[in-house]
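**Student:** Sequence:
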Amino acid sequence: MQHITKIKVRGYHLDLYQHVNNARYLEFLEEARWTYFEERADLPAFLASGIALIVVNINIDYRHPATMNNELAIATSVKSVGNRSAVIHQRVTLDGSDTLVAEADVTFVAFDGRQNKAVPIEGKMRELLEGLQHQA
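Reading the sequence shown from the start, the letters are residues 83 to 218 in the numbering used here.
One or more hints might be untrue.
[To be verified] List of simulated lysine to any residue pairs, SDA-like, C-alpha gap at most 25 angstroms:
(1) Lys88 <-> Lys206
(2) Lys90 <-> Lys206
(3) Lys199 <-> Asn139
(4) Lys161 <-> Arg122
(5) Lys90 <-> Asn165
(6) Lys88 <-> Asn165
(7) Lys206 <-> Glu185
(8) Lys206 <-> Asn165
[As the list claims (entries may be wrong)] Taking CB as the label site, the calculated pair distances span:
(9) Lys206 <-> Val138: 36 to 42 angstroms
(10) Glu209 <-> Ile136: 18 to 24 angstroms
(11) Pro126 <-> Tyr94: 26 to 32 angstroms
(12) Ser131 <-> Asn151: 36 to 42 angstroms
(13) Gly178 <-> Glu209: 32 to 38 angstroms
(14) Leu98 <-> Lys206: 22 to 28 angstroms
(15) Tyr94 <-> Glu212: 34 to 40 angstroms
(16) Leu129 <-> Leu98: 35 to 41 angstroms
Simulated from the structure, these hints should not be mistaken for lab results.
We treat Cβ as the ideally placed atom computed from N, Cα and C, and that holds for glycine.
Make the full structure from the sequences, and use the hints.
**Tutor:** Shown next, in the form of structure tokens:
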């Protein structure tokens, strides 16, 4: 089951043309990923492990403009888990409709701050991500 985060578009999200600036979608997507892991995983234990999920690539397709006071629904789910990276898929729609505003694939690696390098996704991290993938 995917996770839904709702965000209301505010005036400071808008560009000169009065729709959400493309850079703001990065913030919306990040907020949804944080909420996803807060609600679906033991975030404090995960953060204490010293392993961070570091974004290495984001591909966003913009489909429909979002404007002031729109409610956005961001669906987040784990799309795939590899040996050294994984992908989270996110869909932004106008809340209460099927109107697709944007869609993104976010690739990340597991990064060990003590070793200062990316490490294989294994053990509890793999179990967590694969478990989230099967809920999608």
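**Student:** Taking the hints in turn, state whether each one holds.
**Tutor:** Tested hints:
Taken as a hint, the Lys88 and Lys206 pair is broken in the structure, with Cα atoms around 29 angstroms apart against an allowance of 25 angstroms. For the given pair, Lys90 sits about 35 angstroms from Lys206 by alpha-carbon distance, which is inconsistent with the 25 angstroms threshold. As the CA atoms of Lys199 and Asn139 are separated by approximately 16 angstroms, the hinted pair is consistent with the 25 angstroms bound. For a cut-off of 25 angstroms, the pair hint linking Lys161 to Arg122 stands: about 15 angstroms separates their Cα positions.
A distance of roughly 36 angstroms separates the Cα atoms of Lys90 and Asn165; the hinted pair therefore is violated under the 25 angstroms criterion. Between Lys88 and Asn165, the direct Cα distance comes to roughly 32 angstroms. Violation of the 25 angstroms bound is thereby established for this hinted pair. Taking the CA atoms of Lys206 and Glu185, the gap is about 28 angstroms. The hint is violated against a cut of 25 angstroms. A hinted pair counts as satisfied when its Cα atoms are at most 25 angstroms apart, and Lys206 with Asn165 qualifies at roughly 13 angstroms.
Range check, Lys206 to Val138: about 21 angstroms between beta-carbon atoms, so the 36 to 42 angstroms window is missed. At about 20 angstroms, the CB distance of Glu209 to Ile136 agrees with the hint of 18 to 24 angstroms. Distance hint check for Pro126 and Tyr94: the Cβ-Cβ separation is about 31 angstroms, which falls inside the suggested range of 26 to 32 angstroms. Against the hinted window of 36 to 42 angstroms, the Cβ-Cβ separation of Ser131 and Asn151 comes to about 40 angstroms, which satisfies the hint.
Look at Gly178 against Glu209: about 35 angstroms separates their beta carbons, and that is inside 32 to 38 angstroms. The supplied range of 22 to 28 angstroms is broken by Leu98 and Lys206, whose beta-carbon atoms lie about 46 angstroms from each other. In this structure the hint that Tyr94 and Glu212 lie 34 to 40 angstroms apart at CB holds, the actual value being about 38 angstroms. As the Cβ distance of Leu129 to Leu98 is approximately 38 angstroms, the hint placing it in 35 to 41 angstroms holds.
The structure fails to meet hints 1, 2, 5, 6, 7, 9 and 14 from the earlier list, while all remaining hints are met.
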